[in-house]
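**Q** Sequence:
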Amino acid sequence: MGMQISVAIVAVMLMEAGTLWSSVLQRERELELLARGGEIRRAIGLYYQHGKTFPKTLDDLVLDRRQPTTQRYLRRVYEDPLLGTNEWGLIQGPGDTIMGVFSTAKGTPFKQSNFSRENQSFSGQGSYQGWMFLYGPGQSNPPKSVTPNGAQPTG
Numbered sequence: 633m634g635m636q637i638s639v640a641i642v643a644v645m646l647m648e649a650g651t652l653w654s655s656v657l658q659r660e661r662e663l664e665l666l667a668r669g670g671e672i673r674r675a676i677g678l679y680y681q682h683g684k685t686f687p688k689t690l691d692d693l694v695l696d697r698r699q700p701t702t703q704r705y706l707r708r709v710y711e712d713p714l715l716g717t718n719e720w721g722l723i724q725g726p727g728d729t730i731m732g733v734f735s736t737a738k739g740t741p742f743k744q745s746n747f748s749r750e751n752q753s754f755s756g757q758g759s760y761q762g763w764m765f766l767y768g769p770g771q772s773n774p775p776k777s778v779t780p781n782g783a784q785p786t787g
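Per the numbering used here, the sequence shown starts with residue 633, numbered consecutively.
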């Protein structure tokens, strides 16, 4: 009888640890989404500033051939950390171009407030799809380097 109680207690503790671990992983993925989405938004902004047009694909951010010298605004097209694929939701711009991205992942974000200035619109969103990393002309470009927690780098 004592052995069964001990096994039941250990099982409950393992379930709680698993739930906690899952929450920690999800929060880390959210931070990574904020960092990667911010980098894509920054790259779209740089692309736009160099030619006053938006990219037609995310691959254009990796290799921009509009100028005599090739420009790279991203090293590669980042994966959506929530889905683990390169399949981002695209925010369409004028003439079949891309002004921004968002995650197509289902679920409610843990983070609901205390976003950086450029991500203030994410507050209170009930879905990751509401976290839209959008660049608009005239918008100040996000900083070139962003720390994972969204804090501005010092220096």
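FYI, nobody ran anything at the bench for these hints, they're computed from the structure. There's no promise every hint is true.
As the list claims (entries may be wrong) - Here are the in silico distance ranges between beta carbons for each label pair:
(1) T736 / D691: 17 to 25 Å
(2) R707 / M645: 39 to 47 Å
(3) L722 / T702: 42 to 50 Å
Said to hold, decoys possible - The calculated SDA-like cross-link candidates involving lysine to any residue, where the alpha carbons are at most 20 Å apart (straight line), are:
(4) K743 / L714
(5) K738 / Q636
(6) K738 / A667
(7) K743 / K684
(8) K688 / V656
(9) K743 / D728
(10) K738 / G762
(11) K738 / M764
(12) K738 / P726
(13) K743 / K688
(14) K684 / L722
(15) K688 / F734
(16) K738 / R749
(17) K688 / P769
(18) K743 / L657
Ideal placement from N, C-alpha and C gives every residue a C-beta, glycine not left out.
**Q** Please go over all the hints and tell whether each is borne out by the structure.
**A** How the hints compare with the structure:
Between T736 and D691 the Cβ separation comes to about 18 Å, which falls inside the hinted range of 17 to 25 Å. Evaluation of the 39 to 47 Å hint for R707 and M645 yields a pass: the beta carbon distance comes to about 43 Å. Restraint check, L722 to T702: a C-beta distance of roughly 23 Å breaks the suggested window 42 to 50 Å. This hinted pair checks out: K743 and L714 have alpha carbons roughly 14 Å apart, not beyond 20 Å.
With a C-alpha separation of about 39 Å, the suggested pairing of K738 with Q636 is violated against the 20 Å cut-off. In summary, the hint linking K738 to A667 is supported, as the alpha carbons are separated by about 19 Å, within the 20 Å threshold. Under the criterion of a C-alpha separation no larger than 20 Å, the hint pairing K743 with K684 is inconsistent with the structure, at around 34 Å. The suggested pairing of K688 with V656 is violated, with an alpha-carbon distance near 36 Å, which exceeds 20 Å.
A threshold of 20 Å between alpha carbons decides the hint, and for K743 with D728 the separation of about 32 Å lies outside it, so the pair is violated. Taken as a hint, the K738 and G762 pair is honoured in the structure, with Cα atoms around 11 Å apart against an allowance of 20 Å. At roughly 14 Å between alpha-carbon atoms, K738 and M764 fall within 20 Å of each other, so this suggested pair holds. Between K738 and P726, the direct Cα distance comes to roughly 27 Å. Violation of the 20 Å bound is thereby established for this hinted pair.
Taking the CA atoms of K743 and K688, the gap is about 31 Å. The hint is violated against a cut of 20 Å. A hinted pair counts as satisfied when its Cα atoms are at most 20 Å apart, and K684 with L722 qualifies at roughly 19 Å. Of the pairs offered as hints, the one joining K688 and F734 holds, with about 16 Å between alpha carbons and a cut-off of 20 Å not exceeded. Among the hinted pairs, K738 with R749 is inconsistent with the structure: their alpha-carbon atoms are about 25 Å apart, more than 20 Å.
For the proposed pair K688 and P769, the alpha carbon gap of about 16 Å is at most 20 Å, so the pair holds. Pair hint K743 plus L657 holds up; C-alpha atoms about 13 Å apart against a cutoff of 20 Å.
In this structure, the earlier hints numbered 3, 5, 7, 8, 9, 12, 13, 16 are contradicted, and the remaining ones agree with it.
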